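**Student:** Going down the list, the sequences are from chains A and B. Be aware that the first sequence starts at 115, since it is given in the numbering used here, and climbs by one per residue. Be aware that the second sequence starts at 3, since it is given in the numbering used here, and climbs by one per residue.
Take the hints with a grain of salt, since some may be wrong.
[To be verified] Quick list of the computed label-pair ranges, beta carbon to beta carbon: (1) A/H119 with B/Q8: 45 to 51 Å; (2) A/F448 with B/S85: 47 to 53 Å; (3) B/D170 with A/P337: 54 to 60 Å; (4) B/L14 with A/L260: 53 to 59 Å; (5) B/L14 with A/G292: 49 to 55 Å; (6) A/L157 with B/G137: 55 to 61 Å; (7) A/G133 with B/I116: 36 to 42 Å; (8) A/P168 with B/H128: 41 to 47 Å; (9) B/E115 with A/L125: 31 to 37 Å; (10) A/L260 with B/T228: 57 to 63 Å.
In short, the hints are calculated from the structure, not lab data. Since this is a predicted model, take the numbers as computed values, not measurements. Glycine included, each C-beta is placed from N, C-alpha and C at the ideal position.
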Amino acid sequence: MIRDHSGRLPLAPALLLLGALLAVAALASIGSGAYDLALMDILKVVAGREASDPVAAMVVLEVRLPRFLLGFLVGAVLGVSGAILQGLFRNPLADPGLIGVSAGASLAAIAVIVLGGTALGGWVTLAGQWALPLAAFAGGSGTVILAWRIASRAGQTAVATLLLAGIAINAVAGAATGLLTFYASDEELRSLTFWTMGSLGHAAWDDLVLGAPFMILALMAAPWLARPLDAFLLGESVVGHLGYRTATVKKVAILVVGLGVGAAVAVSGLIGFVGLVVPHLVRQLLGASHRVVLPVSALMGGTLLVAADAIARVVVAPAELPIGLMMSLIGGPFFLGLLMRRKVM
Amino acid sequence: MVLEIQNLSVSLAGTEIVSEINLTVSAGEVLMLLGPNGAGKSTLMKALAGELPYRGRIRLAGRELGGWCPGELARHRAIMPQSVEVNFPLTVEEVVALGRPAATRRCADSVAEILMEALEIKHLRHRLVPGLSGGEQQRLQLARVLGQIWDTRQDRLLLLDECTSALDPAHQQMVLELVGAMAREHGVAVLAIVHDLNLAAQFADRMVVMKSGRCFHEGGSSEVLTPSLLKAVYGYRTRVIQLPEGYPLVIPLASGSAQTAPLNPVCRQAS
């Protein structure tokens, strides 16, 4: 491969390549599934023209396009969130799951599934079809705020305490999830299992309307964090020395992650490894500067999830693999491989 | 006066680490802070760096530390911490650029070039920081820190916490000569913690010796570096020779027999 003096790929060609990969993944994602679509039809429909196949327009616009957009947004948010947390904690192992966001969101969603007919009946009647995604979103954001409160009691926020609080919250949420699973009926169990494995299968414009504003907001706020996060790589005290408001930066970072991941989990369930693997890979290929890592992680995360989703629909057709399962199956071994041959983090 | 410290006390977890320090550093002056381990030097430095809450007053260019906006303060006060550990693959160039947020990425930053040249890290510019030696990393951090206040016209304060600890003797001289030139020629006020007494003697305009969180003695190097004072502060025996160059040379002596080296040296109280 063509590397520069620092062993990195040049940025512009790498971006071009990634853009091309995204285009391929997008076409594959929109083209693959139970109903066969011709490439020309897809292009015509996306361009707003009449397709030769009348069903094609419906399939593309109502089913495949929202699914592709949702997949891309979720992947982008997970990638960026992972990059932000890894910078904030100065730890390449940080992941949105780590501070309890995902666990909190999934606990709330499972509670709605299992207790929707009983204890949480009022909430389900009130929120209707939004009950589950809204609960997941609230659960995710709530856990971030809780972890944040615990960690910032002494006036300033201790990052190590935040990490420890996240681990404890994960344990409690995991146990509570287990308890709910224990009480779930067979039918609830099926819906619950599918949900904890992560899926874009029911993606529709509804989900997009609910989740997209939060995810887009999180993605748009992220670039503001790039320079301060670079300073974080030199140590938390150096951030203040360099003239950034450390407390504000930390607050914005946690808010962005809570908002983005809460919304992502709400619409697609638990999807692991994107937040861990993608930023890691970007740093290996393009360097650790967050002005590169943040946008490229978004692009790569989105592309990866869209591609994985396309594959998940094909490998066991006409059924489909849960995307969360798929990501762990690909991401786990891939990450182990990376660890075995790494030089620096 | 660039830096004025009045009745500064710092407590950590209920224990007072720094007590009633009064200090000033004027423009162009190099003040070296000496003292045994645990004397409170680094804690004092952290208070000046804005990392710890304190009682008393710290004024930079006549203005209370809390009255500065962070971005402006960063252009007037630069801090070199005892150690900076970089785990992520940033290059030397990128770390130097972190101290110069105003410089754009497109055109090369001439100040960064000058500093990398002066600190002999220019040939390492594309190398990844985690792969550098301790001394190279220390020179890199100094380049970043100096670049931070380079463009500011006046009232600049440079805080150095053991900035030569990982350097070989030749680089120790080079770095302190550069710091000295920043002070003399550009009017930067320098407050540095140095453990090497002879380096301190060679480059300090004035010295402050701390012991148990208090100011033990303050003065010129010939005044501070005397066998009796070093015995009282560090509890070790020395011979001090006045060099024709105008500064003293401290030679450590073996502690001698057990009787002459008391296990708990008697501390003189600060006047």
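**Student:** Taking 53 to 59 Å as the stated bounds, is the beta-carbon spacing between B/L14 and A/L260 within them?
**Tutor:** Violated: the Cβ-Cβ distance is about 28 Å, outside 53 to 59 Å.
**Student:** Has the hinted range 45 to 51 Å been met by the Cβ atoms of A/H119 and B/Q8?
**Tutor:** Holds, at about 50 Å.
**Student:** Starting from the hint 55 to 61 Å, judge whether the C-beta atoms of A/L157 and B/G137 obey it.
**Tutor:** Check passed, 59 Å falls within 55 to 61 Å.
**Student:** 41 to 47 Å was suggested as the range; check whether the CB atoms of A/P168 and B/H128 agree with it.
**Tutor:** With a Cβ separation near 58 Å, A/P168 and B/H128 fall outside 41 to 47 Å, so the hint is violated.
**Student:** Kindly confirm whether 49 to 55 Å is satisfied by the beta carbon distance between B/L14 and A/G292.
**Tutor:** 42 Å, violated
**Student:** Taking 47 to 53 Å as the hint, is the beta-carbon distance of A/F448 and B/S85 inside that range?
**Tutor:** 34 Å, violated
**Student:** For the pair A/G133 and B/I116, does the Cβ-Cβ distance stay inside 36 to 42 Å?
**Tutor:** Check passed, 38 Å falls within 36 to 42 Å.
**Student:** Starting from the range 31 to 37 Å, see whether the pair B/E115 and A/L125 falls in it by beta-carbon distance.
**Tutor:** With a Cβ separation near 22 Å, B/E115 and A/L125 fall outside 31 to 37 Å, so the hint is violated.
**Student:** CB of B/D170 to CB of A/P337, is that within 54 to 60 Å?
**Tutor:** 42 Å, violated
**Student:** Check the following: the C-beta atoms of A/L260 and B/T228 are separated by a distance inside 57 to 63 Å.
**Tutor:** Since A/L260 and B/T228 have Cβ atoms about 59 Å apart, the given range 57 to 63 Å holds.
The structure fails to meet hints 2, 3, 4, 5, 8 and 9 from the earlier list, while all remaining hints are met.
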